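Can you build the whole structure from these sequences, using the hints too?
As given, the protein sequences belong to chains A and B, one line each in that order. If you count the first sequence from 1, you need to add 1 to reach my numbering. If you count the second sequence from 1, you need to add 301 to reach my numbering.
By construction, these hints were calculated from the structure, which means they are not laboratory data. The structure presented is a predicted model; accordingly, all values stated were derived computationally and were not measured. Just to be clear, a hint being listed does not mean it is correct.
As the list claims (entries may be wrong) - Just a sample of chain A residues kept apart from chain B, beta carbon distances all over 10 Å, derived:
| id | residue |
| --- | --- |
| 1 | G6 |
| 2 | L49 |
| 3 | D71 |
| 4 | S75 |
| 5 | T131 |
| 6 | V174 |
| 7 | V184 |
| 8 | T191 |
| 9 | V210 |
| 10 | A219 |
Unchecked claim - Example chain A residues on the side facing chain B (calculated, C-beta under 8 Å, incomplete):
| id | residue |
| --- | --- |
| 11 | R4 |
| 12 | G11 |
| 13 | R102 |
| 14 | T104 |
| 15 | Q111 |
| 16 | I113 |
We treat Cβ as the ideally placed atom computed from N, Cα and C, and that holds for glycine.
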Amino acid sequence: MRRSGSPFTGVGVVLAKEAADYLSGARMWLLEALVFLTAIAAAYAAILSIRASIGESPFLFLRLLTMAQDPLPSFIALLGFLIPLVAIAIGFDAINGEFNRRTLSRVLAQPIYRDALLLGKFLAGLVALTIGLFSLWLLTIGLGLLLLGLPPNTEEMVRMLGFLVATIAYGGVWLAVAFLFSVVFRAPATAALAALGVWLLFSLFWSVVTPLVATLIAGPPEGIFGPNLDYARRAIAGHAKLCPGMAADNRPHRRNDRHFRDRLCGFSTPGDPGLKPPANQKGRSEWTAPGVV
Amino acid sequence: MAEEAVIRAQRLTKRYGATVAVDHIDLDVRAGEIVGILGPNGSGKTTTILMLLGLTEPTAGRAEVAGFDPLRDPLEVKRRVGYLPDSVGFYDGLSARDNLAYTGRLAGLSRREIDQRFTEVLARVGLPDVGRDRVATFSRGMRQRLGLAEVLMKRPSIAILDEPTATLDPHSTQEFLGMIRGLKADGTAVLLSSQYVIDVEARGDAVRNQLAAVPGVVRVQVLAPEIFRVDCESDLRAEIARRLAPSFDLLGIRFAEPSLNEVYTRYFDEVRDAA
Numbered sequence: 002m003r004r005s006g007s008p009f010t011g012v013g014v015v016l017a018k019e020a021a022d023y024l025s026g027a028r029m030w031l032l033e034a035l036v037f038l039t040a041i042a043a044a045y046a047a048i049l050s051i052r053a054s055i056g057e058s059p060f061l062f063l064r065l066l067t068m069a070q071d072p073l074p075s076f077i078a079l080l081g082f083l084i085p086l087v088a089i090a091i092g093f094d095a096i097n098g099e100f101n102r103r104t105l106s107r108v109l110a111q112p113i114y115r116d117a118l119l120l121g122k123f124l125a126g127l128v129a130l131t132i133g134l135f136s137l138w139l140l141t142i143g144l145g146l147l148l149l150g151l152p153p154n155t156e157e158m159v160r161m162l163g164f165l166v167a168t169i170a171y172g173g174v175w176l177a178v179a180f181l182f183s184v185v186f187r188a189p190a191t192a193a194l195a196a197l198g199v200w201l202l203f204s205l206f207w208s209v210v211t212p213l214v215a216t217l218i219a220g221p222p223e224g225i226f227g228p229n230l231d232y233a234r235r236a237i238a239g240h241a242k243l244c245p246g247m248a249a250d251n252r253p254h255r256r257n258d259r260h261f262r263d264r265l266c267g268f269s270t271p272g273d274p275g276l277k278p279p280a281n282q283k284g285r286s287e288w289t290a291p292g293v294v
Numbered sequence: 302m303a304e305e306a307v308i309r310a311q312r313l314t315k316r317y318g319a320t321v322a323v324d325h326i327d328l329d330v331r332a333g334e335i336v337g338i339l340g341p342n343g344s345g346k347t348t349t350i351l352m353l354l355g356l357t358e359p360t361a362g363r364a365e366v367a368g369f370d371p372l373r374d375p376l377e378v379k380r381r382v383g384y385l386p387d388s389v390g391f392y393d394g395l396s397a398r399d400n401l402a403y404t405g406r407l408a409g410l411s412r413r414e415i416d417q418r419f420t421e422v423l424a425r426v427g428l429p430d431v432g433r434d435r436v437a438t439f440s441r442g443m444r445q446r447l448g449l450a451e452v453l454m455k456r457p458s459i460a461i462l463d464e465p466t467a468t469l470d471p472h473s474t475q476e477f478l479g480m481i482r483g484l485k486a487d488g489t490a491v492l493l494s495s496q497y498v499i500d501v502e503a504r505g506d507a508v509r510n511q512l513a514a515v516p517g518v519v520r521v522q523v524l525a526p527e528i529f530r531v532d533c534e535s536d537l538r539a540e541i542a543r544r545l546a547p548s549f550d551l552l553g554i555r556f557a558e559p560s561l562n563e564v565y566t567r568y569f570d571e572v573r574d575a576a
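The following block contains the structure:
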């Protein structure tokens, strides 16, 4: 059944109230302070190492975002890690909090649809996130101008703007995840844990889990080089062309090198049945690497 | 000709799987009338209210509120209905004014209208001086009054109150019921739910009208469906029976000394009146 009235009625009122709540809340200030301190430290550390290499890269300002200085990770890696945390902290109790405070029925008894409440709250969270990230972006550029003594060129500014937009969108995705759990779970703690679980899965365990899943589905990786086998083949084949003398070197350790190279590159190795290349190159996973490489 | 019903429900039904929450309810409420939905916990009172507000879909049957179908035109319905949920909640960090301004803005009131109505409604519910105080400092009774103030802000043609006195002490309950009668005097149709006590003012009103002219009758209270308490300055059983007999089937009249509860309520009434 089609309902009358706009689903956006009241979105602006909800947005204004919620954005004011987010921006004046102690939770938001703490999170912003955490992100600011760590990100500014990372940017500052990057500037110190960039200063030594001024003139080497045409995109000096972009290196502000990507350059890591031990022990700090790069600015972009830090944001990639922290922004989901901020977004989850903003959104984990957005809806179930209203329910638990018993304000949800009061608000929904006003002439608005529940979509308007959800959208208004989400946009308010995004506004709060955007204000924080935009300030951080300006601070980083300012720090770069101050310490590098060079203005960013137009292309760099466009790229940095693109970075800002992508970062906000990234935060928006995690905010949406937190909102989803705040609708699904009535207890804010459960919603926060579920969202943090998803965040941990993607930020820490994803790189561990995916190769395992890939192995389960497609079998073990090929030889000791795994997925880089083709690269290794090309590299060794190139090396063989550059060092033709290697084929004549019959000392035991060089022989193993040669056998290994032949094996990878599909060269024939007469007289050594243990190292004979498979008839079908696609069956490489059955092949066992020589004992000494 | 009888006045047209502002709330009408016909065979309204709600099922959650195999559980029947509301089973073929018929309901008619006219303007200026107070009607109660009575029933124990879990009997479907709140579900009925939510269906009337368009916040949940009925499984069967239909409803019409202020001339609109809550399912098809929920916004129109909610513009005309003031709703006070049971255990009303507020944003504790905001002031009473900011809380009411928020829902007022959602209801489509301008800032000017909110400013104009705010002082008036707070005075009406007996909270004239707390507009700038944070709601976190409010007692439960004050929150309930603030909830009623929110209903009044909208100047609705229909007020739906879900167990409005469930969490109040006897004295506050009596005051709150007085405010609800005030809504009726404004011509607002009142639908209220209760798990006990208030047979809702419809029956009480009739008894009150019959006894209004009896000298010595101080107050008429509805204790439960078909059970009334009449506070008298002396034993007026004979006079009361004579007045009520033409309109009611009297099962009996019992005389009792006031209970502790009654003394408590009376005491605070007198203190307030003296103040």
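Run the structure past the numbered hints and jot down the numbers of the failing ones, going up. Of the numbered hints given earlier, the structure breaks just one, which is hint 1.
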